[in-house]
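Residues per chain, in single letters:
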Amino acid sequence: MNTPNPAEDVLAGQPMDADDERALALVRTHLAAADPVPSGLAERVKFAMTVASLEAEVAHIINEGAPAGTVRTTEYDRATTVTFESDGLSIMVTLEDADRGTTTVRGWVTAPGAEVELRERARSATTTADDEGRFVFEGVERGTVHLVIRRHDEPGARPVITPGIEI
Amino acid sequence: MSTARDEQPGTAGAAPSLALTAARAFTLHREGDSSAMDRLVDDVTPLLWHTARSQGADPALAEDVVQTTWLKLVEHTHDIADPQAVLQWLLMTTKREAWSAVRRGRRTVPREPWEETPTLDPTAAATVPDPAVATEESELAGVIWRHIERLPERCQQLLRLVAFVDRPDYAAVSAALGMPVGSIGPTRGRCLAKLRLALTSDPAWEVTA
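If you're matching them up, the sequences are chains A and B in order. When you read off a place in the first sequence, starting at 1, and then add 95, the result is the number in the working numbering. When you read off a place in the second sequence, starting at 1, and then add 133, the result is the number in the working numbering.
Since the hints were derived computationally from the structure, they do not count as laboratory data. A portion of the hints provided could be inaccurate.
To be verified - Pair by pair, the computed Cβ-Cβ distance ranges are: (1) A:Arg237 to B:Arg229: 24 to 32 Å; (2) A:Thr221 to B:Pro285: 48 to 56 Å; (3) A:Arg201 to B:Arg287: 50 to 58 Å; (4) B:Pro319 to A:Arg201: 35 to 43 Å; (5) B:Ser168 to A:Glu116: 27 to 35 Å; (6) A:Arg229 to B:Ser167: 42 to 50 Å; (7) A:Asn100 to B:Asp215: 32 to 40 Å; (8) B:Asp215 to A:Gln109: 46 to 54 Å; (9) A:Arg229 to B:Asp175: 16 to 24 Å; (10) A:Thr189 to B:Ala337: 53 to 61 Å; (11) A:Gly196 to B:Gly165: 30 to 38 Å; (12) B:Ser167 to A:Gly234: 14 to 22 Å.
Claimed, not checked - Quick look at which bits of chain A chain B covers, simulated, 3 or more residues with Cβ under 8 Å: (13) 141 to 149; (14) 190 to 202; (15) 214 to 224; (16) 241 to 251.
The structure displayed is predicted, hence computed values, not measured ones. Ideal placement from N, C-alpha and C gives every residue a C-beta, glycine not left out.
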């Protein structure tokens, strides 16, 4: 970088012009095609941040209802019933089509009275599981949601978060 | 919030800088806005990806590095004194994480089953507008890229990143890479001058310029 080059010195001291902007735009074009940001990276980052900031435990899918097919744990389509499990807690979730393209999320958790939070992209709703562990969220819109379960029957228990559920 | 730094010379009429957008989102996040951090992640993650990649991290490692950087931000949310510095903090953290991860030569985050990363998303929107235009543009982009690859390492790093931001953010990018402010913009600076010199003698560029 230290070899003296008068032409380079002159160019370096001139203001940037439209050709420089164009060259940089083409660098962007090249990288966007050759080295694209992985799809879903930002979503995975957000999930990891949520888990970290809640100090939550992540529940894992142990069973998925019909239709059968390939399942990626972060995204799956049209699953109607999914069961998640974490340390000492099971959560079963059923999705039902409802009015105006919304979905009713019905669930059951093995911790009656637990606080259940449904996290959507920019908002969240909270309810309490009944004496039998049942809970329901109505009018859920399309997108990826997570459930966060906070149990009050075991002091010191960490909240449990599900991987993304595709509505 | 002071607006002194909002207005930088030579940025009249430009889109709000990423540094400023990031500072605003970070301030809102600290004030309890629950969606502000999501916006920050959406806005800045692409630049962090390219930062990690330009430090030599392979795609899997770059993903880990980007994720680690954001998790560190969660950890240090209240240690960052000036929200205006959050973009630079993110860039520097990514660079440092990438640098050391590449030298350790291993993954930084244990893979979890829910983190399977699809390398190709068939549902992603196709970004091929007019085939003829696309071809011409991508050929020219390839020409530029071959010149970029012949530049000194630090120039490659700088130009890869400034390509993804507007001028008001050049200073933050230079500083995060440990290069003096003024390494690029408002004058060309060394790296862009080297590129320009190379392009001037390349007929493929001259014809279309």
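Whether chain B covers the stretch 241 to 251 of chain A (at least 3 residues having a Cβ closer than 8 Å to its Cβ atoms): violated (count 0)
Verdict for B:Asp215, A:Gln109 (Cβ pair) under range 46 to 54 Å: 33 Å, violated
A:Glu116 and B:Ser168 - C-beta distance against the hinted 27 to 35 Å: The hint (27 to 35 Å, Cβ to Cβ) holds, given that B:Ser168 and A:Glu116 are roughly 33 Å apart.
30 to 38 Å as the expected CB spacing between B:Gly165 and A:Gly196, which holds or is violated: Holds - the Cβ-Cβ distance for A:Gly196 and B:Gly165, about 31 Å, lies within 30 to 38 Å.
CB-CB spacing for B:Arg287 and A:Arg201 relative to the 50 to 58 Å hint: 57 Å, holds
CB-CB spacing for A:Gly234 and B:Ser167 relative to the 14 to 22 Å hint: With Cβ atoms ~19 Å apart, the hint holds.
Cβ separation of A:Arg229 and B:Asp175, checked against the hinted range 16 to 24 Å: Distance hint for A:Arg229, B:Asp175 is violated at roughly 35 Å.
Per-stretch coverage check for the stretch 141 to 149 of chain A, three Cβ contacts closer than 8 Å to chain B: holds (count 6)
Beta-carbon spacing of A:Arg229 to B:Ser167 - inside the hinted bounds 42 to 50 Å or not: For A:Arg229 and B:Ser167 the Cβ distance comes to about 27 Å; the hint is violated.
Distance restraint evaluation - A:Thr221, B:Pro285, Cβ atoms, bounds 48 to 56 Å: Between A:Thr221 and B:Pro285, where Cβ atoms are some 55 Å apart, the hint holds.
Cβ separation of A:Asn100 and B:Asp215, checked against the hinted range 32 to 40 Å: The hint (32 to 40 Å, Cβ to Cβ) holds, given that A:Asn100 and B:Asp215 are roughly 39 Å apart.
Whether the CB-CB distance between A:Thr189 and B:Ala337 falls inside 53 to 61 Å: Holds, at about 60 Å.
When the structure is compared with the earlier hints, violations turn up for hints 1, 4, 6, 8, 9, 14, 16 and for no others.
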